[in-house]
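Engineer: Here is how the chains run, residue by residue.
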Amino acid sequence: MQGGSSGIGYGLKYQARCIADVKADTDYTSFLTGTLSLKEENEVHLLRLSSGGSELICEGLFSHPNEIWDLASSPFDQRIFSTVFSTGDTFGAAIWQIPELYGQLNSPQLERVASLDAHVGKINCVLWWPSGRCDKLISMDEQNIFLWNLDCSKKSAEVLSKDSAGMLHSLSGGAWNPHDVNAVAATGESSVQFWDLRTMKKVNSIEHAHVRGVDYNPKREHILITAEDESGIHVWDLRKAKVPVQELPGHTHWTWAVKCNPEYDGLILSAGTDSAVNLWYASASSSDEKTSQSPVESIRQRVNPLLNSYTDYEDSVYGLAWSSREPWVFASLSYDGRVVIESVKPFLPRV
Amino acid sequence: MATEAAPMDEKAKRMRDLLSSFYAPDPSISTSGSSISASFDNINSTSFDADQYMDLMIKKSNLEVLLQRHVQMAAEIKNLDTDLQMLVYENYNKFISATDTIKRMKSNIFGMEGNMDQLLQKIMSVQSRSDGVNTSLFEKREHIEKLHRTRNLLRKVQFIYDLPARLQKCIKSETYGDAVRFYIGAMPILKVYGDTSFQDCRRASEEAIEIIIKNLQTKLFSDSESIQARAEAAVLLKQLDVPVDSLKDKLLEKLEQSLDGLQIKPEEASLLAEHNDSSNDAESNEQLPAKIHEDAVRGFSEAMRAYREIFPDSEERLFKLARALTAMHFENMELYIRKRVSAADFLRIFRIIWEDVVLMDEVLPEAELSDLSAEAAQVTVKKFVARTFSHLQQDISDTILKFDINQREAVEEEVLKVVLEASKKAGIQGTTDIFQDFRQLLDENIGIFVKMKDLIIGWIQNGFQDFFRSLEAQFLVLSGKTSSSKDIEGGLVEGKSSDKIHAGLILVLAQLSVFVEQKVIPRVSEEIAASFSGGNSQAFENGPAFIPGELCRVFHAASEKLLQHYIDTRTQKISVLLRKRFKTPNWVKHKEPREVHMYVDMFLHELEEVGKEVKQVLPQGTFRKHKRTDSNGSNTTTSSRSNTLHNDKMTRSNSQRARSQLFETHLAKLFKQKVEIFTKVEFTQESVVTTTVKLCLKSLQEYVRLQTFNRSGFQQIQLDIQFLKAPLKETVEDEAAIDFLLDEVIVAASERCLDVIPLEPPILDKLIQAKLAKSKEHNNNNNTVSS
Chain A
1 MQGGSSGIGY GLKYQARCIA DVKADTDYTS FLTGTLSLKE ENEVHLLRLS
51 SGGSELICEG LFSHPNEIWD LASSPFDQRI FSTVFSTGDT FGAAIWQIPE
101 LYGQLNSPQL ERVASLDAHV GKINCVLWWP SGRCDKLISM DEQNIFLWNL
151 DCSKKSAEVL SKDSAGMLHS LSGGAWNPHD VNAVAATGES SVQFWDLRTM
201 KKVNSIEHAH VRGVDYNPKR EHILITAEDE SGIHVWDLRK AKVPVQELPG
251 HTHWTWAVKC NPEYDGLILS AGTDSAVNLW YASASSSDEK TSQSPVESIR
301 QRVNPLLNSY TDYEDSVYGL AWSSREPWVF ASLSYDGRVV IESVKPFLPR
351 V
Chain B
1001 MATEAAPMDE KAKRMRDLLS SFYAPDPSIS TSGSSISASF DNINSTSFDA
1051 DQYMDLMIKK SNLEVLLQRH VQMAAEIKNL DTDLQMLVYE NYNKFISATD
1101 TIKRMKSNIF GMEGNMDQLL QKIMSVQSRS DGVNTSLFEK REHIEKLHRT
1151 RNLLRKVQFI YDLPARLQKC IKSETYGDAV RFYIGAMPIL KVYGDTSFQD
1201 CRRASEEAIE IIIKNLQTKL FSDSESIQAR AEAAVLLKQL DVPVDSLKDK
1251 LLEKLEQSLD GLQIKPEEAS LLAEHNDSSN DAESNEQLPA KIHEDAVRGF
1301 SEAMRAYREI FPDSEERLFK LARALTAMHF ENMELYIRKR VSAADFLRIF
1351 RIIWEDVVLM DEVLPEAELS DLSAEAAQVT VKKFVARTFS HLQQDISDTI
1401 LKFDINQREA VEEEVLKVVL EASKKAGIQG TTDIFQDFRQ LLDENIGIFV
1451 KMKDLIIGWI QNGFQDFFRS LEAQFLVLSG KTSSSKDIEG GLVEGKSSDK
1501 IHAGLILVLA QLSVFVEQKV IPRVSEEIAA SFSGGNSQAF ENGPAFIPGE
1551 LCRVFHAASE KLLQHYIDTR TQKISVLLRK RFKTPNWVKH KEPREVHMYV
1601 DMFLHELEEV GKEVKQVLPQ GTFRKHKRTD SNGSNTTTSS RSNTLHNDKM
1651 TRSNSQRARS QLFETHLAKL FKQKVEIFTK VEFTQESVVT TTVKLCLKSL
1701 QEYVRLQTFN RSGFQQIQLD IQFLKAPLKE TVEDEAAIDF LLDEVIVAAS
1751 ERCLDVIPLE PPILDKLIQA KLAKSKEHNN NNNTVSS
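In order, the protein sequence lines correspond to chains A and B. Be aware that the first sequence starts at 1, since it is given in my numbering, and climbs by one per residue. Be aware that the second sequence starts at 1001, since it is given in my numbering, and climbs by one per residue.
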């Protein structure tokens, strides 16, 4: 394949796991990323793709008190984002605001808007209301799921409701359904669980083990994509969630993250611990293909779902984000702290 | 002679032309042959212009040619002249002889008129005399005639009075034909005078006739009578105006009922086939079923023949019957082959049916039985071929699954190997048998099979193609890689069944796919090329024929897929193990390591199992580990060496700041040759084991990265990894990669450690030795228990 020399690189000082698209920034294509260092001063980098798309500029660099395990940008204010952090044995989650005058300050401090401190267990992720101005947030730890109401002006967040998934499930991550704001998917030890936020109850689940990543297809209702440790990527139709609609081979080792393109239906990006990012095209309509999907055969097939494999990474890739402003651009982050921006334009399906 | 004949002909032709031109009314007609080209230089043509010709001549030719032409022309003119003279002379001669003839005719005609008058007179006198004779004899003749008429009338009356008695006599002597003839002869008179003078006579004869009709009917129905007699009876009945149709219906119904007896019931079919087989020795004991059947059918066709003769208008009905019987035969045949039937048995039954059809076809050629049965036979043979293939597939999967049931209890024994060998054998044996069967089909020389030969070859080729395709699909279903359609409907069933599938089975299937690809398919294609080629292209119009290349590809893909699936399921199992290990303890508050953690044992045990399975099924790679034997001896030295190396690295990283440590590892990675962790899996024991180990170590690294460790936690990891090193290297071919991955795990742990202080080498060594001793003791215990 093409290797990935076309990508634009950027190096963080330390190891890092998470990168997020700044959705609210309508003027530039920007990403937020945070480092994961146990012993050093951690940083949050605000990266901006130059207008020509040839350079990645560090627009802001802020120190963060702890190592960052999860990071998400707010969909309505480009200066607000959430992190999940750890001090080694404790976990916390907070909402931060990038200071107004950061251009002048040398190493500006982030303003803490609110702490999501109702958790007792290990927090996994914070999810923002999928789109538009709404002050609702979800945070998940291994057993509980919390719905928060965030008040930026008062700098406070309060728990609206919570529910426990039970000891055994040990939730690991999730996604908020963009088509139905009352539905949230959470990945657990042995299943993907679906919650109704109005009742705060579990309504449905897909019994499928070892799901690492989950993402809703923003273009198609009822379509969910999961990434698993050993068995690759599965596309599900939530109306008949017994059997996957489609199966993609995934990565040589674990498939860590999977993201649907916000604009082009069927374009899927996956990151794996085999130091590669794969670009897939999975047309959900072709259900007849699923019977014969496999790493070997699919390569031979005329319609190969694997469009490209970006392999220019030194370490496992954990962070992955599409740009919502330029939907053909994605950012990937490998564990060694290298951010790579790539354009998938050459692989876009001709419509 | 030939040279002389040509000018002679030439001359004769010219003569004829001249003559015809002379006599012909239209000169244009005569110029047929000689003057096709009507140009000027053709003298014989009508449009010949002498002046023009002359001009042309003078213009065209020189003097010599002109002279020559002159001489030639002069000669020709002379010739023509003599010819004409001859003609005139001949004509004159004929003219003279004609004049002579006319003169003679004139003299002969005198005196003819007198003779004629004499003749007339004589004839007149003859006539008058004959008239006289006639009138004198007239009266006598009239009298004689009257007498004769009376006598005839009397005879008739006598006949009618005699009729009842005569009929009775006929009944006694069973000459019904005569009786009917008499009766019909008397019929008109009886009709006219029956109510008056011959009343008694009529009644008596009618009674007699009724008896005759009754007798005739019984005769018609009795099977013992000869067909001719029955046919005659039918004809007589018809002559007597008895309603025959109802009789016919009754008879045909009876025939229909007899059809049931002629069926070859599926249960009996095998019996029939068997008996046919062993007929020679058991011949005397009893009538054989096949023989009985044949007789029955013969009787049936005879009856049909008879009825056809008796009732010519019943053909349609008979056709229907015959067709019904044929159709029934083939239906039963289909039922029969639903069970497992060998080609020989199949053919035997088929032959019987075909004989039946031929028998019936002789009687009723118009019923187009052979066409009907040819169609039915095609369907049946096609089904038979298809069914044979499905049986083969069933056999193979049965062989695989049969062993699977006992597998769990007897992993120690080489069950996998047995399964593999058995299914290989089933595959080879099955295809061989199938070829034998099909060869029998092809060798069969019943007319219908000869016709279908091309079709059969097509079906066989198609059958193999479909067979291999579905076999591959079944392999995948068996392995749980794809869920069968049934499971999709069931939904939940799929999840369960895939859990149940034994990993070893997947491996067996993978190896079996390779076997099919490399052995079975080439063999089959060879066989097909040898004895089943030359199928008409028409037969393949609908689907592709046997394409070994494509099938090989399919099975190649399947084998790789299955192998990958095997590794996946195996690593998944280990992954679960590792996940439990890393999720459960609180690594930040870990206690000091006291011994190697037991998950290492479980990990190694799983690997051992993989090794065992792999050893049973897969071939050994070309790469032989020479170190394997002495690695046990040098165990301690290698471990201590790497230990010191590691120690060195650790202390350094400890003393320096972690930031530079990260930088350092990056730098080290840059300079270290990038170790290829994920290489393609090959079908060898070593490759599979290595890949499994690599994937598991990578998983281990990833799990480590997700945790945060305190000093003791890190030390525990260090200890576990150190312990793993020796046994892993022993089992795996790619030592460099394993080293790299193990180091990576340590590095990952140190990166995620709050306080990196590695264990002192002596302590590490001591703990490992303790573990080794313990496991040895455990093994010994096990051995003593088992022995």
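Hints listed in this document are in silico derivations from the structure and should not be mistaken for laboratory results. In this text the structure is predicted, and so the values were computed from the model without any measurement. Watch out, some of these pointers could steer you wrong.
[Unchecked claim] To give an idea of the interface, some chain A residues facing chain B are shown, with a C-beta separation under 10 Å as derived from the structure: (1) Leu-38; (2) His-210; (3) Pro-346; (4) Phe-347.
Ideal Cβ placement from N, Cα and C applies to all residues, glycine included.
Engineer: Does each hint hold? Answer for all of them.
Structural biologist: Status of each hint after checking the structure:
This hint holds: A/Leu-38 has a C-beta 6 Å from the nearest C-beta of chain B, less than the 10 Å allowed. Taking 10 Å as the C-beta contact cut-off toward chain B, the hint placing A/His-210 at the interface holds, the least distance being around 7 Å. Against a cut-off of 10 Å between C-beta atoms, the interface hint on A/Pro-346 is violated, since the closest Cβ of chain B lies about 25 Å away. A cut of 10 Å between beta carbons decides the hint on A/Phe-347: the least distance to chain B is about 23 Å, and the hint is violated.
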